[in-house]
Amino acid sequence: KAGVTQTPRYLIKTRGQQVTLSCSPISGHRSVSWYQQTPGQGLQFLFEYFSETQRNKGNFPGRFSGRQFSNSRSEMNVSTLELGDSALYLCASTGRGYSTDTQYFGPGTRLTVL
Amino acid sequence: AQSVTQPDIHITVSEGASLELRCNYSYGATPYLFWYVQSPGQGLQLLLKYFSGDTLVQGIKGFEAEFKRSQSSFNLRKPSVHWSDAAEYFCAVGDPLGGNQGGKLIFGQGTELSVKP
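These protein sequence lines map, in sequence, to chains F and B.
For the record, in the first sequence the residue sitting at position 6 is 246 according to the working numbering, with numbers rising by one throughout.
For the record, in the second sequence the residue sitting at position 55 is 226 according to the working numbering, with numbers rising by one throughout.
Check the hints yourself; a few may be wrong.
[Unchecked claim] In silico BS3-like links for lysine-lysine, alpha-carbon gap of 25 Å or less:
| no. | chain 1 | residue 1 | chain 2 | residue 2 |
| --- | --- | --- | --- | --- |
| 1 | B | Lys220 | F | Lys241 |
| 2 | B | Lys220 | F | Lys297 |
| 3 | B | Lys220 | B | Lys239 |
| 4 | B | Lys232 | B | Lys220 |
| 5 | B | Lys287 | B | Lys232 |
| 6 | F | Lys241 | B | Lys232 |
These are calculated hints, taken from the structure and not from any lab test.
The following block holds chain F by itself, in its conformation from the complex (with noise of 0.2 Å):
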């Protein structure tokens, strides 16, 4: 089975602008959640979507937003880009979405924002 794929994998904007981050989840997975990692603060939840629908939310200003569509695919975007923006951005998937699932993480997209 084929992994967790983000692209794209490197990304450089500049301030003001914005950015659409893509996660596809394992084939079959129906969740998929989001998490921002950088230096200063570590791994932060973003938001997760179920069957189009997001059912968590991180906290984190509202220039962040997601959706999925019905392949289960995700996007994250970013609107009005600030320096504090740069970060690894993580998807990872899940069967259910429960607690107890296991989440399997995608590589990331390394986003630079000038």
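Mind docking chain B on chain F? Use the hints.
Quick look at chain B alone, frame taken from chain F:
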């Protein structure tokens, strides 16, 4: 609020030596506990997890972890470290009351492991 503390930011051990990485959590009940490893340029890979039952949990790559309720700890151990174990290790908790909203994990700050030849 739930939190996870990994007191050691960086640990260096010699190849062949034993390893223990510390993890303490703060939660009202026993959370679901996980250890993940992240190699440079890679995503996170699950090493092991604990939900209930036997407090000593075996994982992949020869790792084990012991849950100690009295100490709110879930320390990761390996009897003999290999050079390929050099990576960053993350302890995480999940909410057992999360039910079908289990997508949220709370991570510790991570411990970077270096292995001396």
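Against the structure, the hints:
As the CA atoms of Lys220 (chain B) and Lys241 (chain F) are separated by approximately 22 Å, the hinted pair is consistent with the 25 Å bound. For the suggested pair Lys220 (chain B) and Lys297 (chain F), the alpha carbons sit about 23 Å apart, so the restraint of at most 25 Å is met. With a CA separation close to 14 Å, the supplied pair Lys220 (chain B) and Lys239 (chain B) stays within the 25 Å bound. With a CA separation close to 14 Å, the supplied pair Lys232 (chain B) and Lys220 (chain B) stays within the 25 Å bound.
For the hint linking Lys287 (chain B) to Lys232 (chain B), the alpha-carbon distance of about 19 Å falls within 25 Å, and the restraint holds. Between Lys241 (chain F) and Lys232 (chain B), the direct Cα distance comes to roughly 21 Å. Compliance with the 25 Å bound is thereby established for this hinted pair.
Checked against the numbered hints above, the structure breaks none of them.
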